[in-house]
Structure formats: structure tokens, C-alpha cells
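A.B. asks: Take a look at the letters that make up each chain.
Number of protein chains: 2
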Amino acid sequence: MNLFKQLQRRLKSVNRNCVSMCLTLVITLYYSSAFSETGYRLWMRYDRIENNKQLEQYRSQLQTINFQGHSITAQVAKKEISSAFNGLLGTEPKVTLSSSASLLIGTPENSPQIKSLITPKELLNLSDGYLVKTFHNKGQQQIVIAGLTEKGVLYGVFHLIRLMKTQQSLSALTIREIPSIKNRVLNHWDNLDGTVERGYAGTSLWEWHKLPGFTQTRYTDYARANASVGINGTVLNNVNANALSLTKPYLLKAAALANVFRPYGIKVYLSARFSSPIEIGGLKTADPLDPEVKRWWSMKVKEIYAYIPDFGGFLVKANSEGQPGPQNYGRSHADGANMLADALAPFDGIVMWRAFVYDDKVPDDRAKQAYNEFKPLDGKFRANVLVQVKNGAVDFQPREPFHPLFGAMPATPLMMEFQLTQEYLGFSTHLAYLGTLFKETLAADTYAKGKGSTVADVVTGKLDQHQLTGIAGVANIGSDVNWCGHPFAQSNWYSFGRMAWNPGLSATAVADEWIRMTFTNDINAIATIKEMMMGSRETIVNYMTPLGLHHIMARNHHYGPGPWVKDAGRADWTSVYYHKADAVGIGFDRTATGSNAIAQYSPDAAREFADLANIPDKYLLWFHHVKWSDKLRSGNTLWDELVSHYYLGVRDVAKMQSQWKAMAGKIDEDRFKEVAELLEIQHEEAKWWRDACVLYFQSFSGLPIPASYEKPAHDLAYYENLRFYFVPGIKN
Amino acid sequence: MNLFKQLQRRLKSVNRNCVSMCLTLVITLYYSSAFSETGYRLWMRYDRIENNKQLEQYRSQLQTINFQGHSITAQVAKKEISSAFNGLLGTEPKVTLSSSASLLIGTPENSPQIKSLITPKELLNLSDGYLVKTFHNKGQQQIVIAGLTEKGVLYGVFHLIRLMKTQQSLSALTIREIPSIKNRVLNHWDNLDGTVERGYAGTSLWEWHKLPGFTQTRYTDYARANASVGINGTVLNNVNANALSLTKPYLLKAAALANVFRPYGIKVYLSARFSSPIEIGGLKTADPLDPEVKRWWSMKVKEIYAYIPDFGGFLVKANSEGQPGPQNYGRSHADGANMLADALAPFDGIVMWRAFVYDDKVPDDRAKQAYNEFKPLDGKFRANVLVQVKNGAVDFQPREPFHPLFGAMPATPLMMEFQLTQEYLGFSTHLAYLGTLFKETLAADTYAKGKGSTVADVVTGKLDQHQLTGIAGVANIGSDVNWCGHPFAQSNWYSFGRMAWNPGLSATAVADEWIRMTFTNDINAIATIKEMMMGSRETIVNYMTPLGLHHIMARNHHYGPGPWVKDAGRADWTSVYYHKADAVGIGFDRTATGSNAIAQYSPDAAREFADLANIPDKYLLWFHHVKWSDKLRSGNTLWDELVSHYYLGVRDVAKMQSQWKAMAGKIDEDRFKEVAELLEIQHEEAKWWRDACVLYFQSFSGLPIPASYEKPAHDLAYYENLRFYFVPGIKN
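If you read the sequences in order, they're chains Y and D. Just so it is clear: in the first sequence, position 107 is 107 by the working numbering, and no numbers are missing. Just so it is clear: in the second sequence, position 145 is 145 by the working numbering, and no numbers are missing.
One or more hints might be untrue.
Any copy will do: because identical chains look the same in the list, a pair fits if it lies in one copy or spans two.
[Claimed, not checked] In the BS3-like style, the derived pairs of lysine-lysine whose C-alpha atoms are separated by at most 27 Å in a straight line are:
#	residue 1	residue 2
1	Lys-666	Lys-79
2	Lys-133	Lys-115
3	Lys-115	Lys-661
4	Lys-115	Lys-79
5	Lys-655	Lys-530
6	Lys-566	Lys-451
7	Lys-655	Lys-687
8	Lys-580	Lys-94
9	Lys-248	Lys-580
10	Lys-302	Lys-380
11	Lys-661	Lys-78
12	Lys-78	Lys-666
13	Lys-248	Lys-300
14	Lys-451	Lys-462
15	Lys-687	Lys-248
16	Lys-439	Lys-375
In case anyone wonders, no lab produced these hints; they're calculated from the structure.
Based on the provided sequences and hints, a complete structural model is requested.
C.D. replies: Rendered as C-alpha cells:
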């Protein structure tokens, strides 16, 4: 309903006092009527702006709106801005066709006013970007949101809403935003039975059984949330794919989701099981060079586009961890990817081919195998293939050096794969803001074309002039009412989207935005919460895997410490393989005297990693086997340094707890209580990690835990014998 | 915050117009700021009352409140009434200690005012009931909510809120409510891995992995919803129980839930696996007469009460469908139940022992077996044992005659078990209001002590003077944001609670309440939606199992029709066993010429069922094998009648669709769209049921489908060959 009209009608008879009194009353009442605060609304909480001065100013700046455009995307943009204004301002600008509207929204094509105000130069290469500009003509202020496409307009609308929710001034806007990466995609590791591999926020959002007929309201909110941070694609099913996903019934279900997502500019993708031609096609082979196989895939792709005209393409995990692939037929990853790419090309579909493979024969350093496989294939992929590379060479650890493939395949567009779901970072009970991890990787220097050749430059295509670019986030979204399990885990969905759009954003800036939109605009609260977030990932590194340690989590489910894990199916599924602790020292020698994985990096990067005098402590044990007694930069021995990191990690969780206690009353009771409970769990589990790891490594070093530290609560055997049932994220 | 004070403070300076203007504005704004409508708020939607006259009257009647009591239950009652008033009225009565407060709440013990106003006689045997009364002294009106216990007060508070949400007058209240059944319990068939057996609303609410440390806000909302309808117990885990539920880690998790539920008067119960002493106790036997087994259980019970002081007791499924039980040791169900009862007795815990058993040897009519087992045990159970009997003798079919055990075990308190989750009624995509099913069963006459010995009289203990009484509902609640999957499925949670409290309530009255609280107070909309609800279950009976047919659903997952199912593990797991269709006719002869199950009913009931002239058509094929050509009361042959019911069922779904279309604009867009989509699915599946069943039965009758009816879309083979993957509710 148009509140502005009502307001006007009623204001005639009453005086100013009354109005402001009403507004305050409104605000009070608004907050009082809510059901309990579940976190469902994410960062899109359109509650009345509490700062009255700001509120009044926005109201005066946004009195009339001229919003052109009638596409499905324009329609949802209009709906969004209307509910945002109703919520944030408690009024809705009067809709007008006047060129003097205080808010002008549209594209040069559908809006003559915008065509006249915006120069062609400003629109050059805007792609799905937008302008948000403030104009002043004869004392009259106008705000313009312009895009070349209506998708751009939608993003611009969300930008304006973000400005208001973070209480920025609208008086002198000169915003020109263009996405730095073309395909900004969530990967859902969701199975058709509703389970989510490595999912810690309930089960899959997709109700396959009720699709295509039933599309719950929540799907729309999912699309809104993604669009609000610029995510423009989603892979619906697990990379460990079930061929059934490509059968007609499931394609129709995927099409129903695509219909919900389309207005929000989100394309649907599917993980394709490489052996599908055999499993659902009745062929005897899936050999990518077999003409029948090629024909089958091109017919299948044609069928998909008949149901989903804007289908995005395939994500493929092949010849990795038991998945079928081209190598089963003596073909290369390029052969496999190109065959699918040829089927998709006529429809502008793309292939996202994962580089996360490791040879199940050659016992080379696991960290080297993706590079070994793919580096030789550089330049051999079709133009519509992206090679999707995890941020690090092992597997989404709390910290890894950047993957050596970045910068090593100049002739191939590389797509970044981050993991938002906290498989190795405490599931959904540990507070981990990953914006810092994303940033650390994106800012890392590959030296591929000399100093300043950052991973971000590779992924954005800047370094090697690729037009096709992409970034993927393995989703941490599930059926939990609050979407991500931990209220703070929402920040990783948010920051992934924001940094995918603009890798130049700082982790602090993104955290600041998210806190304001999700919790409060109280500057003291923001400062405290931001400090918690910015330190949170380092804290986890400290109590789990300090100084470059990695992959020492419990077997299979990865819940809790398991540095003692050995005798798994293969060496590189054990912890001892990665930490290599012995009586002398600890760490994986990846220098020339060891696996020489370092040689996979460009010389300047390699030199820094190889040189014990220069390598940052945080990567030390990733690349070097170091003596327990060796002195580190700090002056401490490795043993003392290691122990101090573990204890620091626990102390810093306790610090977060006290910081959070101070937030009481500054945010709603419900989320305050939830986070307080989760921090308590995290504190207990951090101690568990610390004590288990310190005791285990002590059994090699034989060195004492400094007397100043509290003693572990139990002996090593206790921790080694802990067993857990029904741990989430795996098939139990 | 106390809005009333703020209102007052600000009103000083302004005139009446302004106030009413403000209030209207408030109302407008309130509705405008909501996120999408997911249904999460159930029937507890504290939105501003739209009827201004009513709103003003409530405001004037509820200006000051004197609420005594400080227990945890009193505290949540205060919180509830405050958020209800803030939401419904937009103001909060001023809190006062004055005896002239317009709203007086408390118990005679904690409130002298109530002690003086309420006579001891009114409080007699009030148990957890309450009074809600309007007093008038010297022109001054007072509303009193009084209970003997603070639980009673909480229920009374919810009653007042219900009156306001349904817009009843508060001017002459003389309400005295006492629960007719003592234990009103939800049974969650939730597994420790998060799956829910026969669950169609997502997965389990209980996040076992995050418990006991993390108790999400949603648990509180679950407790609030239950308390609002008088449910006072919940069995957390599946009757097909995992012994791990009784180990310390899981007991501590259950205790954490109990702590959340306790203030709302909800006790926690657990399903106990009978073989637990072997599986987690290390004993060699679970023989209920074995002293070590007895000792183990009494120690285990003692342990449970150490964690959960108000633990409710055990629910047990024994010697049924492969579950272990006393018969494994040559003991009776009574031996098993009594052994557990003795362990629980010192703590006032109870045993709910399920009568849903069927012998895996004797090939007697499945419908007779529970009676055969339990009837002889009447009087042999301890005083703290309830025998839990399903509403019908087979298994939660769309329609069953009442279970012959009701009225047949006068010396034993029988607990009713209804199924809220729609295992056999279209999962969560078919609109089925089960209030009519509950009512049909409760009102059924057992004739046990002459005419008028209803099932309700048995369950309430009235017929045989039992103090210990109970009723169970197999929950349809899961992780779906709207709790129950289908927006209308919420009505079954609601109506179960309401009828458990008062079996005398009519299905119409309960539907009316629920619609007003969940959707709207618009009388035209209410009339339409109520008509849809009241006919919905009969519609499903018509297109699934008309005229007394039963258990002809698809094998195992029960999704869709499967009248052709034969050759299962055992005869009574097939459909052909139940419908017995042949060239002559169809139906299960349970008269003296057949299995004589009829003899299990008391003579008067039996006579009605046995007599073809008197038996209602709805039970015909349950008790009789009838010739295709036999004429029924309608004058139609059985075949024509059968076909007409199937076609009627489909037509009535189409009618619901057109009725619902008319609700556009009368309720929120989101739930309108969801229900519209679900009705379309239901319509498709109803046709599937109709065509599959009519074609299948036609293959026996050889008779034509009357030309006036549309022809089935496919042939019988098509329906027989349909296959589905990942159907919810079972382990796939």
C-alpha cells in the first residue's frame, strides 16, 4: 500500500509535533511486535531507522520516485525498494513520471530522463554494473540509479538500500560499480536425498520431492539475499553428483527453481556426473572422444536448455576421490572438459572443471598433484571452460598458502573456489569470519608477471586478459531458520558475494557493512563486533593448526582434533602424512630437499617460501620440517612458539566471550543468547583442540608445557579415544 | 518496553484526532515492514487487530495489569502477554499492584486479590485448569485469570490471547477450563541422525550435535506453540528407538531441551529401546524378569532423573515390526511394561506401552492382533502404565473404524494415539484437516457400558474412572520454516492440542479458531476456508480409499496408489491382503464368515458393523466382501458407487482450488501462492489415485467406467510402473 499518500491525507489536519510523535510511536511499536528473532532476515532487516535525524533526512531526500522498466527484474527491484522504504523509512516515495522525481531509476533505454542525465562514457563497459549519483539542479536534489541492464538496476537498488541501512549520506553520491568477476557462483554440495555434504546448517534448501509443483517462499528470499550481494549463479547439486539430476524429472525441478531465481539475475547450474551417459543414457562408455557419448551430451544439453533457457552450465568433479572421469578412458581432463564445452557452446553455457584432483597411484606430495595434472594442459581448454581451483593446494584448511596453479596457467581462465561452509573451521559452532581468509588469498602475490601479480588479478582475468572469469563459494546455507547455523556464519555468505563483486574491498569494510545491516549501527557495538570478527579466523588457526600445520582434524567427519590419525585408505588421508612430527621436529618439507612443491610457485614466491629467514611463520610448517629446538623470529623455540599459539587461540576465544557479553542490550536477546551459547561451545572445543594437539606433539618433542600454562584437563589417551555419533556433514 | 507509559507521556501535548491518526498509522506501518510471510509464526501472529472498534474496546478494557507470580512459568506467561498486547493492541497495560487493575492474573496463593475474588468451590479440582472471569464492581470492569497452578495461569493467559485474536467480547467472561486428559503428548519419530520417520516437513527440530550447549531460539517457539494449545509433553525420539538415546551424552542433550520446555509446562519423555541393557548396558539379556536387568533399568532411570528432575517417562514399541521386547524372553507385554514402570514409579514417571503389535507367526487378520495380545492382559499392568492404542486397528488410514481395544480393557487406562503427520494422507502436499478425523474417532460409540460409551469417555478415563489418562499425536513438525510443510498442516498440530485438552470441542469450532488466528477474521474468508477444511479429509478418503478400503498405498514409502502391491515380506504388508478384490467383488470379510474381527467389538457395535443393512457405507469394505453388482443404499451398484467416490474426490479438490482462488487479497500473497501451488499438486495426485485405483479394480470387476466420467489419462501398466526416488519419510 502507498503509505506516503495516507501520511499526506492524514497530515492535513495535524501539527508537526503530532507527526514526530507519531513517528517515534511507530518506531517503538514496530520493534515490539516481532516474533522471536531467528535470524531468518539475514542482513536484509528493513526495520525503521533508529537515528531520527538520519531518518528525517532520508525522508526528505526520497519523496518521489520515477522507476522505469517492466521486466521481471524491474518488477522485483520495485518490490524490493518498496518494502525497504516501508520498513526503513515507514513511508514510500510517491510514484511519479516526472523528470524531477527525487529518485530516478532505470536504464538509458527505458528512461529518457536517465538517458539525458547520464553520459554514454559513464555507461561504457558497465556490463551488469550501475551508477548511483546525486545531481543538484536549481537547489533541487536528485538521486539516480542507472544501469545498462535491468540486472544492473537491481544491483543499484540494493546498493542504495545498503547505503541507507548503513546510514550513509545520499547527498553527494558518485558511485560507479562494475563487477570485477563475471560468474559469481554458489556451489551447493546438496544431495538428492536432502543431505548436504559438509553441511552444518540443517539439510538442503531444495525440496526435491515437492518440486517442481511447490516453490516455497524461502526460495525467493534465497534469491533476494544472493542478488543483494551480487551473486549471479548457483550450482544446485553436489559435485559428487548423482546422474539422476540430469534426468527429465529432476531437470524440471531445477527449472522450477530457475524460474524463481531468474528475476533476481541468478542462473542455475548443475554438477554433471561424468559417467551419466552410461548410468542414465544406456551407453556402454562415457569416453569423451566417443561420437555416441558426444551426441548424448549434446542432446542432453539441448534438452536442458529447452527447460531452462538461461541454464548456466556444468560443474564437474572428475577423476577425483573416486568420481568417474575422462582418465578412465585414457583421456585428459581437457578432453573431458572440452567435450562438455562443445555441447554447451551453442547455448553460451560454460564448464567449470575442478582442479581438485589427486592421483590415486603416483604417491607424490598431495599438494603437488593438481598442478602436476593441470599445468601441462594450459591452453588446451575450450574458450567456454573455466578451471576451478581451490584457494589452497590441499583442502580448505584454516590457513593455506595460495594454490600454485594461480599464475601458472596464463592461457586458461582460473576460477577461484572458496569454502564458506566450515568443514575445517569448527562447523557452525565456531565464530569464523572468513572475509579475512578470502582477502589473504586474493591479495597474495603470485609474482607470475613480476611483483604485484596477485591472485585477484588472476581470477579477475586482469593479469592475462581473460574475458571469462569466475569465483565459487561452497555454500554454508541449509534448512536452519537462520540459514547458516551460526548467526555469524551469515557474514561469510555476505562477504563472499561482496568480494566476488569487488575483490578490492577490505575485510574490515565488508565486516562493518554486514554488522550494521545485521545487528546495529551503534558505533561502539560495531567496533567490538568487528574486532571479534577480524580476529576470529586467526584465533581458529591458533588453536587448530598454527604455524602452517594442516589437515590434522579427526578422520572423515573432521570434527575435532585428530593429529594421531594414521592408517587410512591412503597416506594423504592421514594426519601424520601432513605434520610429519618426529623426535627431531615437525612439518612437511616441501623444499628441494623434500617434495619440492615449492618449485611449483614462480621463482620469487618460491624463494620467499624456501628461505627460512624470510618465510612468514604462518606458513613455516607447511613448507619446512623444523627442529623442536630451532629458534624462530620471536626468539622462542619452535616448541614454545607452537604451544604459545595453541594457548593464545583459547585465550582469544575467552576474549571474544567477554567482548560479546558487553553486547547485551545492544542487540536482540535471542541472537545474543544464541551467540553466547555458541561461543561457550567454541571455548570448550578450542581447549579440546589445544590440549589434544599439545599433548600429542609433546609425545614427539618430549618437551614440557611451560609451567605458566594451565595443564591439559585429560591425558592424550582420553582425547584419542573420544568417539562421536551422527556427526553432521557426512553420511552416517 | 512499556509502551503505555510512552503513549501517556506523549499524549499530554496532543489531541485525540492525532492519537487515532497515530494509531491508524501505526497499524499501517506495522503490516508494511514484514519480511516475506513464511508461516513461521503459526497461529501466534500478534499483529495489530484490524477491527478498530474492537481494538479500542480491548484497549479500554485492558489498561492496567496486576500479574502476580515469579516462577519461571509466571515469567514466560508475563513475557507472552506483553508481546501479545504489544502486537495485538500496540500498547501494554500499565503494571500495577492495585487490586482494582483491569486485568488480574495469578493464583490464590500468590495473589490476595484473586484469593478474595475466587471462591474455593470454583477452584475445586481445577488441576492445571484456569478461570477467566469478568467482574463488575461499581461500574468498574475487571478481568481475572486465575489458576491453582502457574501452569494453569499460563494456559489462562493463552486463552485470553485466543479470545482477542478471535475478536471475542471480554465483557462477560465466565470461563472455567479443566483439561479432560492428563497427559497430552507429541510423539516425535525423530532419529538421532536428524531424519524423521514418516516426516514430511524437513528434518528433526533437534540439533543433537549442537546440544546440549546450543539451544536455538526455535526450541522456545516450539514450546510456546505447544503450551498455547495445552500440549504438556513431548517424546523426543523415534519409537523405533536407538539405545544411544539413553546414554549420558544424549541424556544431557535431552536435559537441555527439557530446560527450555520446562517453563512452558512441557515434560520431556524418551522412547526406550527394550534391548538397551544389552546394547549400552553390557548385559547378556534384556529379560524383564532378570534381576540384573531390573537393576540396570532402575539405575538408568535414577540417572535420567538426576539430569531431568521432571522427566515424564518412557514410550515403548516392543515386539512389533522387528523391535525387541519381552516376548523375546517368553514374557508378556505386561511383564515388560511393569518392569519399566517399577523403575519409574519412585519418580512418578509413567510408561506409555504401545499396543501397535502384530504377531509375526500367527497369520490371523492383522486388524485383530493388538486385541488378541492385549485384551487378556487387562488389569495386569502397574498403576503408572498407559497402553497406547492407535485410533484404528490397522495403521493410521484415511479412515478406520475405532480400535476394538477401546472399551475392551476397562481395568487399564488406554492412551489414544493419533497420527498428525500425513503418512497415509498425502504427505505435506495434500490439504487435510484432521480435526474431523480426531472427532469422528473420539465420538465413536464403543457401547462398552451401553449406548453413549464413546471412545472419548474411555480416553478421558470417565468410563472406567481412571485418573491416569493420556493422548498422543505423532508429530508433523520438522525443520521447514513453516514447521509442518503445508500451511494447513499447522491446523492438525493445533487441533490435536485443543481436542486433547477438550475432546468435546467440535472440529468446526477448532477450525474456526485456527483460521482466525492463522489467516484472517474476515467472516467471508473464514466461511470459505472452513468449508475447505471440514471437507478436506473426506475428499482424500474419496480419492484414496472410499467405502472402507484401506492400506492400498504404494509399498514402503506409501507415496501414491499401490492397490496392486503383493509379494511383500508378509501378507499383511501387501495391498491385496486388505482389499481382497476378485472377480466377484471387493472388501475384507471380517464378519463371522471371515476373520470375525467384528467379534472384538462389544455386541451392539458389532451388530451394526455386521449388518449390511445398517453398516455405514464408509466402513463397508472394511468389514465385508461385497459383490461388484450388489446395490448399496444409494441405489448404485458397489462398482458404480466406488467409481463415483473416486471421481467425486478429484472434483472436490478442484472445488477447493476455486474456493482458494477467491482468497486472493484476503490473506498474504506468500501463503496464498504456496497453498495454491500445493492444491495444484494435490489435484494432480488425486487424479493419479483415482485413475490408478479405478483401472486396477476394473481389472477385477470387468465393468465399465460410466461414460459421463473423463477417461483415465494412462493405462494401468503406466501407473504400476511409476518409480520414485528419495521419497521423504523413509531411509532412502
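A.B. asks: Decide, hint by hint, whether the structure agrees.
C.D. replies: Quick rundown of the hints versus the structure:
| no. | hint | in the structure |
| --- | --- | --- |
| 1 | Lys-666 <-> Lys-79 | between (30 Å within a copy, 19 Å between copies) |
| 2 | Lys-133 <-> Lys-115 | within (14 Å within a copy, 69 Å between copies) |
| 3 | Lys-115 <-> Lys-661 | neither (52 Å within a copy, 42 Å between copies) |
| 4 | Lys-115 <-> Lys-79 | within (23 Å within a copy, 55 Å between copies) |
| 5 | Lys-655 <-> Lys-530 | within (13 Å within a copy, 56 Å between copies) |
| 6 | Lys-566 <-> Lys-451 | neither (40 Å within a copy, 74 Å between copies) |
| 7 | Lys-655 <-> Lys-687 | within (14 Å within a copy, 62 Å between copies) |
| 8 | Lys-580 <-> Lys-94 | neither (68 Å within a copy, 69 Å between copies) |
| 9 | Lys-248 <-> Lys-580 | neither (49 Å within a copy, 36 Å between copies) |
| 10 | Lys-302 <-> Lys-380 | within (25 Å within a copy, 70 Å between copies) |
| 11 | Lys-661 <-> Lys-78 | between (40 Å within a copy, 25 Å between copies) |
| 12 | Lys-78 <-> Lys-666 | between (32 Å within a copy, 22 Å between copies) |
| 13 | Lys-248 <-> Lys-300 | within (10 Å within a copy, 53 Å between copies) |
| 14 | Lys-451 <-> Lys-462 | within (14 Å within a copy, 88 Å between copies) |
| 15 | Lys-687 <-> Lys-248 | between (50 Å within a copy, 21 Å between copies) |
| 16 | Lys-439 <-> Lys-375 | within (25 Å within a copy, 71 Å between copies) |
In terms of the numbered hints stated before, the structure departs from hints 3, 6, 8 and 9, listed from lowest to highest.
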